[in-house]
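Novice: One-letter residues, chain by chain:
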Amino acid sequence: KAGVTQTPRYLIKTRGQQVTLSCSPISGHRSVSWYQQTPGQGLQFLFEYFSETQRNKGNFPGRFSGRQFSNSRSEMNVSTLELGDSALYLCASSWRGELEAFFGQGTRLTVV
Amino acid sequence: SQELEQSPQSLIVQEGKNLTINCTSSKTLYGLYWYKQKYGEGLIFLMMLQKGGEEKSHEKITAKLDEKKQQSSLHITASQPSHAGIYLCGAELSGGSNYKLTFGKGTLLTVNP
Chain A
19 KAGVTQTPRY
29 LIKTRGQQVT
39 LSCSPISGHR
49 SVSWYQQTPG
59 QGLQFLFEYF
69 SETQRNKGNF
79 PGRFSGRQFS
89 NSRSEMNVST
99 LELGDSALYL
109 CASSWRGELE
119 AFFGQGTRLT
129 VV
Chain B
3 SQELEQSPQS
13 LIVQEGKNLT
23 INCTSSKTLY
33 GLYWYKQKYG
43 EGLIFLMMLQ
53 KGGEEKSHEK
63 ITAKLDEKKQ
73 QSSLHITASQ
83 PSHAGIYLCG
93 AELSGGSNYK
103 LTFGKGTLLT
113 VNP
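Keeping their order, the protein sequence lines are chains A and B. For the first sequence, the working numbering assigns the number 130 to the last residue and increments by one with no breaks. For the second sequence, the working numbering assigns the number 115 to the last residue and increments by one with no breaks.
Hints are computed from structural coordinates only; laboratory data are not their basis. Incorrect hints may have been included.
Simulated pairs of lysine-lysine, DSSO-like, Cα-Cα distance not exceeding 27 Å [as the list claims (entries may be wrong)]:
1) B:40 to B:58
2) A:75 to B:38
3) B:53 to B:71
4) B:40 to B:70
5) B:40 to B:19
6) B:66 to B:38
7) A:75 to B:29
8) B:38 to B:71
9) B:107 to B:38
10) B:107 to A:75
11) B:40 to A:31
12) B:29 to B:58
Here are a few chain A residues that sit away from chain B, every Cβ distance over 12 Å (derived from the structure) [what the hints assert, rightly or not]:
13) 24
14) 30
15) 31
16) 33
17) 49
18) 70
19) 81
20) 87
21) 89
22) 97
23) 102
24) 110
25) 121
26) 130
Just so we're clear, the structure is a prediction, and the values are computed from it rather than from any experiment. Each residue gets a CB set at the ideal place from its N, CA and C atoms; glycine is no exception.
Could you put the whole structure together from the sequences, leaning on the hints where they help?
Specialist: So, in structure tokens, the structure goes:
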């Protein structure tokens, strides 16, 4: 059974650009959550999707957005990148939103 | 201030030694989750605790939940190099289902052979 797949693994972007990260959950899982991890703030919740609906959103500016497709794959987008957006972005999948979730390997975003 | 405080921030132990990591919440705990992370990689779920006094074990790792103190501890017996990594506690701090974990900043464990 394939695990949670995040693409790309590494990304370097310039300030002001936008970026899209992808997350493919475990087959059959319908909930996808996104977290941002930085050395200063630790792991912080971005948003959670279930059956294409956002059920919860963390305290991040509107530049951070996401969506989920009918096959449960999810994308998150960050527009107008800032240096502080450099982080490891992790997604987690579960059947219906259980918090004992399966995490992907993450996408390491560096903004220069 | 941090809603979930983990201590210590880092720990270096000799292989074979026991160790304890603590996680204290400033808010009511509705569920406490322990995860392990290898540097720069994803999280691996270890254990979930939901009831006060609950204790769970998996191999040489035991976690307990003290509801009154709003605290959980993770104890590793006879540590091995394979236990090295970052241990993170995550908590449900809201009574309703909001599908969100609040995490502590993690404890970096180094086990020297």
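Novice: Tell me, which hint numbers fail for this structure?
Specialist: Numbers 4, 13, 17, 24, 25, in rising order.
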